[in-house]
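Numbering (the working numbering), first residue to last: 1 to 139.
Incorrect hints may appear among the rest.
[What the hints assert, rightly or not] Derived DEER-like restraints, expressed as beta-carbon distance ranges:
1) ILE68 - GLY103: 12 to 20 angstroms
2) GLY45 - GLY126: 27 to 35 angstroms
3) ILE68 - SER46: 22 to 30 angstroms
4) ASP47 - ALA111: 49 to 57 angstroms
Treat the hints as calculated values from the structure; they're not laboratory data. Note that CB positions come from ideal geometry on N, CA and C, so glycine has one too.
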Amino acid sequence: MQLTRTALALTAGALAPALLLATPALATAAPAKTSVTAPASATPGSDTENAAAIAKILADPASGKGVIRAANAALSGTPEDRVAFLTTGFAKAQDEDNRVAIGRILATTPATSKAVRREITKALDGTPADRAAFLKTGL
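With these hints in hand, go ahead and build the complete structure from the sequences.
Printed below as a string of structure tokens:
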């Protein structure tokens, strides 16, 4: 039990500087800060509604570079491109931003312990939900 607490304390200590002193680009990639989500219904709205939903995503300061790039491409494209972005593209772009954020944590924290590296590797090899959970909790 003591070994587990020690490992947890070391992991938290190793991640704290990276998470607290993160650059704005890193902080924007965290899914917990994203307040705008794609519509929950599978039925796409009108093209105007879809464009407005994408504009809200673009206006969110928590949107990362991948989300911004994909949203701009959808707005510049056809109505079908906007529907595709809202149904699947937004989640894919958010996951891309999450991968970049996790990679930055790994690259900018040279004294990362084996336990932290193991958790980072598990997150990168896992599902999009695993990566989002890692960025939200650090574990």
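Verification of the supplied hints:
1. Distance hint check: the CB atoms of ILE68 and GLY103 are about 18 angstroms apart, consistent with the given range 12 to 20 angstroms.
2. Between GLY45 and GLY126 the CB atoms are about 32 angstroms apart, so this pair conforms to the stated range of 27 to 35 angstroms.
3. One distance hint, 22 to 30 angstroms for the beta-carbon pair ILE68 and SER46, holds here, with the actual separation near 23 angstroms.
4. For the hinted restraint 49 to 57 angstroms between ASP47 and ALA111, the CB-CB distance of approximately 51 angstroms keeps it satisfied.
Figure legend: structure checked against the earlier numbered hints; every hint is met.
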